[in-house]
Each structure stands twice: as structure tokens, then as C-alpha cells.
Amino acid sequence: MRWIREHLVLLLGLLVLIYMFVPIFVVVLMSFNDPVSRNVYRFDGFTLDNWTNFCGAQGMCDALWLSIRIGLLATVVATILGTLAAFALVRHDFAGRSASNLLIFLPMAAPEIVLGSSLLALFVSSGFAGQLGFWTIFIAHVMFCLSFVVVTVRARLAGMDDNLEQAAMDLYATPSQTFWRVTFPLVLPGIVGAALLSFSLSFDDFIITNLNAGSETTFPMYVWGAAQRGVPMQVNVVGTIMFLLSVAIVVAGEITSRRRRAALT
Amino acid sequence: MSQVADVQRERADDSSYDGLRIRELTKSYGVFTAVQHLDLDIPRGSFIALLGPSGCGKTTTLRMVAGLETPTSGSITLAGEDITFAKPYKRPVNTVFQNYALFPHLDIFENVAFGLKRRKVKDVEQQVRDMLDLVELGSQTRKKPAQLSGGQQQRVALARALINRPEVLLLDEPLGALDLKLRRSMQIEIKRIQVEVGLTFVHVTHDQEEAMTMADTVAVMNAGVIEQLGAPAELYENPRSTFVANFLGQSNLIEGTVLGRSADVTTVDMHGIQVSVPTERTHTDGDKGWIGIRPEKVLIGEVGEELDAPGNTIPGGVVSDVSFNGVSTQYLVRMPWGQELQVFQQNTGRVRLFRSGEPVELSWRPEYAFLLDFSQDASAGAQKGDD
Amino acid sequence: MTSTAGVAPVAAADVRADTGRRRGRTGYLLLLPAFLTLLLFFVLPFYSLVATSLYDPSGSDIEGYSMTYHVANYWDALQEFWRPLLRSLWYGAIATVICLVLGYVLAYAMAFKAGRWKYLLLVLVIAPFFTSFLVRTLSWKLILADDGYVVDLLQFLHILGEDGRLLATPVAVVAGLVYNFLPFMILPLFASLDRIDHRLVEASSDLYASPFVGFFKVTWPLSLPGVVSGTLLTFIPAVGDYINQVLLGSPNQRMIGSVIQSQFVDANNYPSAASLSTMLMLLILAMVLVYIRRAGTEELL
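Residue numbers (this note's numbering), protein chains in the order written: chain A, 1 to 265; chain B, 1001 to 1387; chain C, 2001 to 2301.
The set of hints was computed from the structure by calculation and includes no laboratory data.
Take the hints with a grain of salt, since some may be wrong.
[Stated by the list, open to error] Away from chain A, derived, C-beta distances all over 10 Å, residues of chain B: (1) 1023; (2) 1045; (3) 1053; (4) 1054; (5) 1081; (6) 1115; (7) 1176; (8) 1191; (9) 1264; (10) 1313; (11) 1341; (12) 1352; (13) 1368.
[Unchecked claim] DMTMM-like, lysine to aspartate or glutamate: derived pairs with alpha carbons at most 25 Å apart: (14) 1143(B) with 161(A); (15) 2217(C) with 2197(C); (16) 1087(B) with 165(A); (17) 1297(B) with 1340(B); (18) 2118(C) with 2056(C); (19) 1117(B) with 161(A); (20) 1297(B) with 1280(B); (21) 2113(C) with 254(A); (22) 2118(C) with 254(A); (23) 2113(C) with 2206(C).
Positions of the beta carbon are idealized from the N, C-alpha and C atoms, including for glycine.
Isolated chain A (complex conformation) (with noise of 0.2 Å):
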């Protein structure tokens, strides 16, 4: 009883915690789930054919292609300006900076309704209303991973100790050698985790997305629809799938920093 009541607090974070993933695991019970019927949302019988037959769902792997199209072109874009950004923000000094780092900041304070709406209302009063699609998703996926990349990558470099610049060229290495060698294999990190957040942010995106999209269709707006068609169980494979990919990564990740951290003799 004593035991219970020292662990209270830990306890109950852990019941928090499990709450967290119960409807992960109702997600990869449900990818292996044979449906009776369409409309019915409930575990009937055991199958693999959810995962043999992938594409099998009618459209699903045409919206899946283009999330992760969009969502490759979107990261690379928005982590490319938003490194930039992060090194004027941290390391440069100029007017209009406290104003510059408010701009980055507001987009993550906006509701993605708003955010959505605005960049519809741009599109159409710019006389783009006819040609919705795959660019202006792409555009508006860029604009709302941006803020996340700054703040990433500005949180790695201001970290980082500026000693260790100064110690490089000490050790006569030229400001471009002391980039490339010293600064940037530092921030790396922040820049790759900064890439993937902006990713599965690009690839997960529905509002504002379902706002812009016109007629394409992306994997999250094909989930959407099926709901009130019949969700296809193939989409809880790729839920499995997904998240067993980024366990996968941050687990390797996690691995690797170990095995960097270990003593060799």
C-alpha cells in the first residue's frame, strides 16, 4: 500500500501515458481486421490480406504518393530557409530582428483554420482559384513548416557553444573550414530533426490542406472522405506503418548516440 501511495504520481502518469497509446494499438489490431461490412467500424476477423493487398483500397495509394511527394518537396524547401533563418536569427545582428523573430513565431499561434482560410482567400483574390492543386499545397505546407524548422534549428545553435568556433580558427582553420567542420556537423542534428518534423507535420496536415487542395487528393483528405464512405482497413496500415517507421528512426537514433557515447578501449 506504502509502495502505491510513494508511486502515486508515477502511476498515474503511466495510466496517462497508456491512455496515450490505446488507440495506437486499436490502430494496428484494426490493420489486421477483416471487415464483415464497410460501414460497420469493428473488429471482425483476422487477416493479412489488409497487408498483402496494400493497394488494393481504391485510391488510397495515389493519395499516399502524393502526401509523401508533397511532403519531401515541402521539407526540403522549408528546412533549407528555415536553417538560413535560424543562423541570422542566432548568430547576425540587424534591425527589425525582435520584429522578424515575432513573424516566425505567429504561425504556430494561428489556428490552422485561419491559416487555411487566408491562404485560400490569397489564392482566389489573386485569381488563382481555378488552379488549386498540387502547388499551392505545397506552398501552404512550406509556410506552416517554416516556423517549426526556425525554431528547431535556433534552439540546436544557440546551444552551441561558440567557444568551440573561435578554438577552430585559433587552430588556424578559415571561417569557411570552421563551418563546415565545426559549426555545421554540430547543428546537424537540430537540422535533421527539424526535417522530419516538418515532414510528418506536411504529410499529417488536413485543414488546411482540404482547403487548398482543389482536386487532389492527399492521404489524410483520402481518410476523411472514406469516413463517411467506409474506411478501407488498408489505412490502418499505414497508421502501423507510420508509426512504426518513426519509432524505428528515433530509436535508431537514440542507438546511435549510444554507441557514440560508449568507451572504446
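Since the structure of chain A is provided, determine the placement of chains B and C on it from the hints.
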């Protein structure tokens, strides 16, 4: 102030000086001046310490020599070459940083080899191994800095700088983060290495014991200027300002009025008692002065006791505090004029321990006393508690 | 020689900080692409949004709109849709409070009680976030189904009536909101709590404070920055979200996000949609400013 003309004039002299020469070096940040018209000559192969409290400008001076700060005016010449505005990667100068600044993403070998590789030196491997052996880290080449202890990291930082055989090696309070025992042993280590490799070392520190132990020459700095420059013993025994007298060890400073000056001796009236100070230890021209005597030079004895050597005798003291420190006993003695003087008595066993409240007589040999400018603050440089 | 009167030495750190940042044009150049992007696709759209909200409502997608500064759009939209608007704010607030309670418990456990497992737990908190939002929410539809275990259990405990249900009720919507935005609450809270020196709480108990008092007097005030960030990062998106409502609720729980969406896409009533969007933004902005001011200056407890 025409720095260009001055520099050009001195170039003739500077180009022949084989060592580090600093002339009129100044660094200001707006209204605040960190270093003021500093002049310093450091001969090749010497070990000099820049000693002073935080904010005195010693680190700023060091960084200007390294090229990590740009001087506001003045010049820095190294072996005849003007390096005042040269980029740090173009100077034959290396720095051991206060927090080591080891590259966390590179292992020890790569850290130490860094400078060599940037200079495209051949046969890096052997040199790195030799250097790591010199600092006794030969077995740790593939570890990352985070896996080493503070003392080991410190040695890597030293090796990384030394391996480039710079004209001048700069050390920015490198021992600050180490515990006492380690610090002591590293002080000896670094001194030994300096003697062995014969390079010029400039060591910045606020620890006066460290400076006096390691350096051939000490420059005591305060508020951007050098107060006094000389060998440790010289500075300690014959300080020229109250700051130096208080910053190195401790001093008793007693008010006195100059009665007369002769070729050998200055006679001073110290609250009714006549004391004498040798002329070469008199550092003031004024009518009044601070008579300085170090606590360990003050002899404490019974009232009316025979002294073993004639000297300045000061009667009328009363012990107000006794502190037994094992090696020595520290007394505070209240004098008739109200001041409390510090006396350190080594516990040789020959003199008995006095108790609080006892009347005593103090004396010292005149050759240990010094006389300082009365307009200076008697408490300047005094360390309050730990630094 | 200068007098050595005691100068107050400026700490070496101040002197160095001055030379940390570089001046010059490089900063502008580096920032330029990102700045332009945000200017074009974040600032400018707001201008378009407000402009659109003032269009003559008699225009359309095909014919185009004419700008007549029709401020009445706002009043019309408000009259028609004040219920979903208020409802969104209300649901958002409830969800935020629940998230705060649950999130604080977990963040506290992670920061203070987890020891070695701290970062593993952090990974576990973030991991579900990378699974599709929609797919996760669909799972809740299964879990909270009328013939599912949860409803059965609640009926057994007489918390729900015999033919009570969870889906298509506000409970399900709020539960969905809580679930989906919990990580946004936990992460800032954890960051804030993790920074607190444990010895401060020890010091408070050394000074006769019970664990309860120690929490309210030491831990809670020090974690306030995290609480402020967490609540903002949860409340703002929660108000605008409509996915949970559509998937788990019913049209009775219609939220403003869904209204705006349908006004744009289904009703093609751009001015109405834009004015609702603008009102939402302004409301949130006002609430945030008041909140920050109060949380910043007030001494809680």
C-alpha cells in the same frame, strides 16, 4: 592620437625584437575601456602570468593577442612581424581556452590533429601520438571529450594547442575548473612542459599563488593597466602600489608621515613611533605614505623582551584575535592608534602562543618594510572571501 | 599612475557578449528567403482574408467578387453562427483544462519520478503524434462505439443510461480533442518542469513545508512558463479543429472550423467564411493577450 605614426616609428625597433611586443594596446567598448595603453615585452621562451581580479582586462588582452578580439588602437608584434589586425588563423599563436572548447563531435586524436590538418602538415599520426604521450593520454586516442574527466580534457586542450609549436601559447585560466589537488599537479605539469619545449607561455589567472608558482615574470593588472611587472619574489617582497601589496598575499598598511629622506633610508613617523624604510623600497614622493609590512615579517613578542635583531619596535599592542592554523598562528593585534595588524607566526615552537587580550610588542626588520603612495586606496586589491 | 580606488569590475562575460553577433548584410541575406515566404504566404493572406470578408456577398466563385466594404458581413455571419463559435471556444477551454490536469501529472512524473527512463518516456509521448491524426481519431470511433467495451462498462457502472451513448455527444468530441492535443500540453510542461532544480523542493521540505505546500509554493510557480505555453499551444488549435467533431460527434456539436470549411467549399460564401475566420482570429488574439498579461504579472498563490 596618431597610432599610425607611432607604429611606423616603432616598427624599426619592433622588427628586431624577438618575442611578443605589445605597445599602447587599447580596447574600448563604447564608454567602457577594458584595456588601456598597455605596454609589455615578453621575451621568447619565457613564462609570463597576467594576474588580476575579474574585469581587469587580462583575458581581453589575451584574446587580442590570439586575434579573437580586435584592438581599438595599439600594436602587437611577434618576432618582428606586426600581427595587430591579422586573423586568428593566420597567427602563429594558439590558445588553451578556459572551458577547454574541445570539439565534441571529434575524438581526441582528431581534436589534437585539428591544427596540423588545417595547416596541411604531413605525417600527422606520429606527431599526435608523441604529443599525447607527452601529456600522458596515449591510451585514450579514440575517445570523445565527453568521456574524459576534467583533468584529462584539460590536458587534451593543452596538447591540441602545443602540437602546433606556436610562437606564443596563450592559456586562459585553464585550471579554473579543476579541484585543488589536480590544479596543483597541473601547475607543475604545465611548467615542466614549458621548460621542456621552450615555447613562450602567457598564462592568465586570478589566482596569485598559481601565478607566483608557475611564472618567471608576473604582470599584475588592474582596471585595464599593468600595476607592476616583475619576478614573483620581486613583486611580493617589494610591491609598488597598494593594489599589488594587497592582491599578492596580504599586507598591513599603516599611515605614516615622512620625516626625512636620505640616500639609504626614509624615516617615517608612524603614530609617534619612528620607523625606517630603505630608499629602494620607498615608492612615494609625498609627505605622507602607507607603511607596508607583510604579516609573516612581523615578529610578536612579550612586552620588554629582547629582540634577536634590531629593528622597528612597536609597543602597546593587544592581541584581539587568535587563529591556530596548524602550520602557523594568525594574530590580530590592536594597536594604540586603533588599527588591527595581522601577524602570521610560524609554529616553530620557539615562541609561545599568545592569548586574546594579552599585551604584546611587535617588531620587524626595516629591510622588509615598504612605503607606498598615500593617495592610493589602502584596501585596493584586498581579496574579500574567495575569488 | 591611475589611482587604484576600488573600481567595480565589469564581469568578463559582459565584455564578451558584445562581440557575439556579427553585424552587416549577411544577416539580412540569410533571413530573406524565409522572410519573403512568410510575408507572401502568411502576412499577405491575412490581408486577403480581411479583404474577402468585406466583399459584396452577392458575388460568387465564378463571377468574382466586388469590394464594397460590406462590414455587415460580420454581423450577418455572427447572427447565423454564434452558436458554433461559442461552442468551439467552450469545448476548447474544457479540453485545455483537462489536458492541463492529465498533462501535468504525466509531465511531473516524467520530470521528477522517472529517473533513467525520462527520455524513453519522452519518446513514448511523442511517438503517437507521428501516426496519422485522422487514423487515430477513427480508432476512438471504434473504442467509443455504442456496442464497445467502454460504453458497456459505463452502463454497467450506471454512469450512462441504458441507451446512453458516447459517440455523437459532446463528451466524445471533447475526449477526442483532449487526446489529440495532449502532446502539445505535455512537451512544454515537461521542458519547464525538467529545468526545476530538485533541491529547491528539498529545501522547502527542510523548511517545514509538507509535500502539498512544497508543490504549490515552489514547483507550480516555477512551472508556470510551461503552463502558459502549453495551454496556449493546446487551446488555439483546439478551438479551430473540427475533425474530432465530425468524426466523433454529430451536427449538434458543430464547431466553427467546420462552418468555415463548408462556407468556403459547399456554400461558396466566401465573404461569410472570411469574416468568421477573421473574427475567430481576433477573438483568439484578444484572449491570448489578456491571458498572457494576467499570467505574467499575477502572483499566483
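A quick look at each hint next to the structure:
With a minimum CB-CB distance of about 23 Å to chain A, residue 1023(B) clears the 10 Å threshold, and the non-interface call stands. Interface exclusion of residue 1045(B) from chain A stands, the closest Cβ pair being 21 Å apart, more than 10 Å. Against chain A, the non-interface label of residue 1053(B) holds: every CB pair exceeds 10 Å, the least being about 22 Å. With 10 Å as the threshold on Cβ separation, the claim that residue 1054(B) sits away from chain A holds: the shortest Cβ distance comes to roughly 17 Å.
Annotated as non-interface, residue 1081(B) keeps its C-beta farther than 10 Å from every C-beta of chain A; the closest such distance is 16 Å. Residue 1115(B), annotated as away from the interface, has a beta carbon of chain A within 10 Å; the closest lies near 4 Å. Every CB of chain A lies more than 10 Å from the CB of residue 1176(B), the least distance being 14 Å, so the non-interface label holds. With a least beta-carbon separation of about 22 Å from chain A, residue 1191(B) lies farther than 10 Å from that chain, consistent with its non-interface assignment.
The beta carbon of residue 1264(B) is kept farther than 10 Å from every beta carbon of chain A, the shortest such distance being approximately 51 Å. Every C-beta of chain A lies more than 10 Å from that of residue 1313(B), the closest at about 56 Å, which supports listing it as non-interface. The claim that residue 1341(B) is not at the interface with chain A holds, since no C-beta of that chain comes within 10 Å of its own (minimum 45 Å). Taking the minimum C-beta to C-beta distance to chain A, about 55 Å, the non-interface status of residue 1352(B) holds against the 10 Å cut.
The non-interface label for residue 1368(B) is consistent with chain A: the shortest C-beta to C-beta separation is roughly 44 Å, beyond 10 Å. Taking the CA atoms of residue 1143(B) and residue 161(A), the gap is near 20 Å; set against the 25 Å cutoff, the hint holds. Of the pairs offered as hints, the one joining residue 2217(C) and residue 2197(C) holds, with about 14 Å between alpha carbons and a cut-off of 25 Å not exceeded. Taking the CA atoms of residue 1087(B) and residue 165(A), the gap is near 13 Å; set against the 25 Å cutoff, the hint holds.
For the given pair, residue 1297(B) sits about 16 Å from residue 1340(B) by alpha-carbon distance, which is consistent with the 25 Å threshold. Of the pairs offered as hints, the one joining residue 2118(C) and residue 2056(C) is violated, with about 57 Å between alpha carbons and a cut-off of 25 Å exceeded. Simply put, residue 1117(B) and residue 161(A) have alpha-carbon atoms about 22 Å apart, close enough for the 25 Å limit, and the pair holds. Taken as a hint, the residue 1297(B) and residue 1280(B) pair is honoured in the structure, with Cα atoms around 18 Å apart against an allowance of 25 Å.
With a CA separation close to 21 Å, the supplied pair residue 2113(C) and residue 254(A) stays within the 25 Å bound. Of the supplied pair hints, the one linking residue 2118(C) and residue 254(A) holds, its CA atoms being roughly 13 Å apart against a limit of 25 Å. For the suggested pair residue 2113(C) and residue 2206(C), the alpha carbons sit about 20 Å apart, so the restraint of at most 25 Å is met.
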